[in-house]
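Asks: Following the hints, complete the assembly by docking chains B, C and D with the ligands onto the known chain A.
Protein chains in written order, with this note's numbering: chain A, 45 to 364; chain B, 45 to 364; chain C, 3 to 365; chain D, 3 to 365.
In short, the hints are calculated from the structure, not lab data. Be aware that one or more of the hints could be misleading.
[What the hints assert, rightly or not] The calculated DSS-like cross-link candidates involving lysine-lysine, where the alpha carbons are at most 25 Å apart (straight line), are:
no., chain 1, residue 1, chain 2, residue 2
1, A, K360, B, K319
2, A, K319, B, K319
3, A, K292, B, K319
4, B, K360, A, K319
5, B, K319, B, K360
6, B, K292, A, K319
What follows is the residue order along each chain.
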Amino acid sequence: MKTLVEAVNDGLHTEMERDPSVMVMGEDVGILGGVFRATAGLRERFGSDRCVDTPLAEAGILGTAVGLAMAGFRPVCEMQYDAFSYPCLDQLICHVGRYRWRTGGAMEFPITVRMPYGGRVRAPELHDDSPEAYYVHTPGIKVAIPSTPADAKGLLAAAIRDADPVVVLEPKLIYRTARGEVPEGEHVVPLGSARVARQGTDVTVVAYGAMVAVAEAAAERADASVEVLDLRSLKPLDEGALLESVGKTGRAVVVAEAPRVAGFAAEVAAVLAEKAILDLRGPVVRVTGYDVPYPYWTIEDAYLPSPERVLAALDKVMAF
Amino acid sequence: MKTLVEAVNDGLHTEMERDPSVMVMGEDVGILGGVFRATAGLRERFGSDRCVDTPLAEAGILGTAVGLAMAGFRPVCEMQYDAFSYPCLDQLICHVGRYRWRTGGAMEFPITVRMPYGGRVRAPELHDDSPEAYYVHTPGIKVAIPSTPADAKGLLAAAIRDADPVVVLEPKLIYRTARGEVPEGEHVVPLGSARVARQGTDVTVVAYGAMVAVAEAAAERADASVEVLDLRSLKPLDEGALLESVGKTGRAVVVAEAPRVAGFAAEVAAVLAEKAILDLRGPVVRVTGYDVPYPYWTIEDAYLPSPERVLAALDKVMAF
Amino acid sequence: MRASMRVEPSPAMPELRRVIGDGEGHPDGEVTGLDDAGLLALHRSMVLLRTYDERSLTYHRQGRIGTYAIFWGTEAIQAGSVHALDEVDWVFPSYRESAIGLLRGMAPATILAWWRGHPAGWWDPRERRVASICVPIATHVPHAAGLAWGLRLRGERGCAVCYFGDGATSEGAFHEGANFAAVMDAPLVLLCNNNQWAISTPLAAQTRAAALADKAAGYGMPGVRVDGGDVLAVYDATRQAVERARAGEGPTLIEAVTYRMAPHATADDPSLYIDEARVEEERRSECVARYEGYLRRRGLLTDELAEAARADALAAMREGIAAAEALPAPDPALVFDTAYADPPAQLVAERAELLRLLSEDGR
Amino acid sequence: MRASMRVEPSPAMPELRRVIGDGEGHPDGEVTGLDDAGLLALHRSMVLLRTYDERSLTYHRQGRIGTYAIFWGTEAIQAGSVHALDEVDWVFPSYRESAIGLLRGMAPATILAWWRGHPAGWWDPRERRVASICVPIATHVPHAAGLAWGLRLRGERGCAVCYFGDGATSEGAFHEGANFAAVMDAPLVLLCNNNQWAISTPLAAQTRAAALADKAAGYGMPGVRVDGGDVLAVYDATRQAVERARAGEGPTLIEAVTYRMAPHATADDPSLYIDEARVEEERRSECVARYEGYLRRRGLLTDELAEAARADALAAMREGIAAAEALPAPDPALVFDTAYADPPAQLVAERAELLRLLSEDGR
Ligand SMILES: Cc1ncc(C[n+]2csc(CCOP(=O)(O)OP(=O)(O)O)c2C)c(N)n1
Ligand SMILES: Cc1ncc(C[n+]2csc(CCOP(=O)(O)OP(=O)(O)O)c2C)c(N)n1
Ligand SMILES: [Mg+2]
Ligand SMILES: [Mg+2]
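Here chain A stands alone, though its shape is the one from the complex:
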């Protein structure tokens, strides 16, 4: 049994052991082992050239990672927190997602960016963002979000081995509370395969990250038979699994903690509106964060999707 953050740490150890071109870089990832200790032990084991404490500059981290990739490395960049990743968006959009294309496909940019993300951690502002939409919308970038320790290790391994750049968002709320069996040694969960977290027949709740548990809690209390689909990978999206589940249930609720407007939940709804219109027996309801800054933590519970909000959405969809 490992926690989610221990699984990340295990994954990093395993992949660095396996491939000497993998290097980890970021603020405080070395001697401290990361503010969440996700990189603990790497510096002792692999040295300070392969687990690098960088200057405090996120665009510099990702920008130098582009150069390191050109030199043949597979950099794994840690952004210390979700909202502190924004300075790297310029490099991500202009270069990380485009450089392979720019070389006519000749060069690979196997860069992994990982970061803790999401809310409810009782912290001052800007420690709770869910920025996945910025990443998913960016061409050339893949995005994975685990909800279990085993997937945290397996998706990270897939990201590191992928020839394309991948952003892995780790739900920090459940870093230490999600516990589970994690396969020893090499363990890869391929990108683009969703996981049916719970079987059901009446309605599909689509979720990822910390929202999977919220969906499951709602499912537990719902009158209907609820299927919970954990997307695991947002791009590539497992459209097959999504359409299959909604094809079966005919109803869909999408749960995500990011702000609603143009968030990833909209993409899921749009795929259904285009490809499952005949299956849908009711509206596709989104249960999401709102179009406001992530609130002060004494009221964050009101902002975040809760089992109650998911249940209300389920009622609405079932009663339609």
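Replies: Relative to chain A, chains B, C and D with the ligands alone:
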């Protein structure tokens, strides 16, 4: 008759005349009058303190605009091109969209960011992006996109006068080709009101910016009676107009040149999937750019939504 | 740590500017602008900050505030600089100067509420010309530059001070803000609290500059390096920078050199990376005692005055935490109510829906 | 323009380093590392670049290439630096050095294809160790820093040169890249083409630094200022920086001072903001003629050799444009085919749909 870029210029003159706290800032906006001449004449008329040539630093432009707003100004920041706005995303997400909230609503941040955007201008890479989704997804930020000269002036005026930060994306492809009557003097097109660009009964094509003309061209050639809805403002979205049109036609195609995945077209489809499900007689089809870097210009026509692609989508929706 | 491989040595740094003596070579000095009352007021400010910080750590341990960024040992930097300002001048704090508003009369309860995640921790920056606490490193440097530039444009005499750390100087936002300030002749004081650590990252892994003040030349502004534990040295450097700023001569970079004498924040475990003996040694020359020694040597500070400063500060904190704890649970509607002046209709509808749901749930 | 209000003058800048004389005080000098053949090879490189640039302007006027960023007058900076490198060293061009690959044997047709918006303008950077042309200002500085750092980690002897303009030094990306390079002891030469303009923005509105080389101290690296019209001065400064880099001594900032002697790009109308007389004056001391004068004074360059260099370059360009124009219209499938090594299934499906539609349309 004015061109779209002349209308922008007219709008800037009018608003700066009207309100001495309005100031324009950006790279080459002063003595040159902007690389597209959108700010031509402002420096001569209002002086170099109100039309400021800044250092070459987009995050610095938007970041100092935050401070200028705190000092009581209404800064209008020009980003020279769409893709060169990405360095300002950090300031936008962390501060421009949050500072009012952070003061408990006490202080206003009436910042306008305007930029030429969109493709087909036969330029080297990174001069053709459609980044609206990054902006729309950001809480606290409003987004407008004109498709006519009159709206270019009116939406810009609304943006400048708005107490909240607004990003205005100006379709550079039609800067000089879109011509039309532009009201003299003060002219405001309120944010949040869409425009029926063409009446129709069978199917609604939702578009904005340069895609409105593409939608209209397709409508012209279509067998069905096509209504074209020009959103004009992406946030606030005119949900009423959207639902009314689709309520009437029962069918929807959404056209946008930005990459499809988690683009703004998904938001439109998601609103329909949630609120118009009983009206929909077929799938909501998106005609968009693709999940790839905007291509080299000898093949950009294949990437961009064309009347042909819209017609194919219309056929699909009508035949459903 | 990788060995420094500098070949051309950078110009020898001048010794840190000091005013307060140590009896070993450095005699006590004096500064312009502070009479006896001013010197004692400065002392009270330092004690207030020190008390705020020490009580906050206790409150955190008691679970009464959340994560907290300790600033023990930087009172000289904060108080020394603020006392060199006028009321019209603006202050741009980072999380490390969260309580700097106290020096402008802000209630401790407000700042404690901030650290309690309560919306009463929000404030209107214009009230006391104290900007909001900045969490993302260095991103407030352009804000301060823009505000100061704006003051100049308005022809006002105010200036601004922006606080940030050594780590912050690596960020692009610092660079762009400093450059804008210089180019726009902004009346700005860039005050770097060089505590030689950014969480676990030592200065040597942050920069190869011989001194952070060396960065000033790259912006065409003066760079000044002072002993950050010497409140009068900080005061004096700030006073001079403010004078330049008001005279239209643009920004100054002040590097206040100190050493981080506490964990980065309550969640941090520095034993993993810091030599605790060094910290202990640094704490022995901490700024409040140094200044008290100076004031006593000058015959200004008596036991009664010192005691009164402490007692008043403690009383303010006792009152502050009580007031913060007495705040009613915030209205969840606040999730929606301050983001937009004129919120999108969709958001208004979502607000209504959520509030209906919450009231149904009886929460 | 606002008057500079600097009070403390920054240290007097050393005169620009020069090697090529002008007969008035500056005698011709010599540099280490270039024998007669090397000197002549350098000349041929300059002529090749000059010819590329002049022909490109003509091709643009003829509608045969799109917008083009003219580099007339910077041949000394480009050729001088590249000739100080080994084949193992990397070059990171901005749009201003679009044709620098010519000096590594890249075909003119490739670069012309880039300016024609044709995918044949794509290249594999590893082939000649020439990175892709960087369009967003300064964003390639961290790339070059990372690559150079990577070379050091691999124990290779290569280094990298990164080219950027005066305007680029205002961007956060420049700052972060330079700082990373210094901290990581990256074997990197930061080569600033200070042509004193960023489109219409003059240096004085870009920075208050007395010299861009002044920024080096802030990163703890040497800063060198050379006459950018003196190819041998650029060569020599680069050679020394490369020596330091290979010795593990980290990066160097070279400021090559010149003046923009042409419009920013073909779309630009500098008459709106530049004093054309000044441009004319600058053009009179342009770098190719200066170097030719030097070579002739040294008896190395004959009319035949000069003529041959021009003729060969012209022939290469003639061949290049013919080859670029002979390229088949690109396959629209290329829209999809190089973004991902392993594309998402949705994208694969969209590709198929679009290609079907395009073939139905008979396009
Ligand atoms: C943009 C950004 N990146 C990362 C962080 C996380 N973080 C918080 S404090 C800190 C170290 C700051 O060091 P320094 O600037 O020296 O200030 P100090 O904390 O020492 O006062 C980091 C990395 C952040 N707040 N913002
Ligand atoms: C990030 C970014 N912002 C803006 C631009 C638009 N732009 C292209 S060239 C240029 C001026 C660059 O000046 P400088 O760095 O001095 O280089 P030069 O063109 O003079 O060689 C600008 C603003 C850009 N390419 N990238
Ligand atoms: Mg520090
Ligand atoms: Mg320039």
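Asks: Checking one constraint from the list: CA of B:K292 to CA of A:K319, max 25 Å. Satisfied?
Replies: 22 Å, holds
Asks: Holds or violated: are the alpha carbons of B:K319 and B:K360 at most 25 Å from each other?
Replies: 22 Å, holds
Asks: Take a quick look at whether B:K360 and A:K319 sit within 25 Å of each other, Cα to Cα.
Replies: Judged against 25 Å, a Cα distance of about 12 Å means the pair holds.
Asks: Within 25 Å, alpha carbon to alpha carbon, are A:K360 and B:K319?
Replies: 12 Å, holds
Asks: Please work out if A:K319 and B:K319 have their alpha carbons no farther apart than 25 Å.
Replies: Measuring from Cα to Cα gives roughly 17 Å; hence the hint holds.
Asks: Is it true that the CA of A:K292 sits at most 25 Å from the CA of B:K319?
Replies: Between A:K292 and B:K319 the Cα gap is close to 22 Å, so the pair holds against 25 Å.
Of the numbered hints given earlier, the model fails none.
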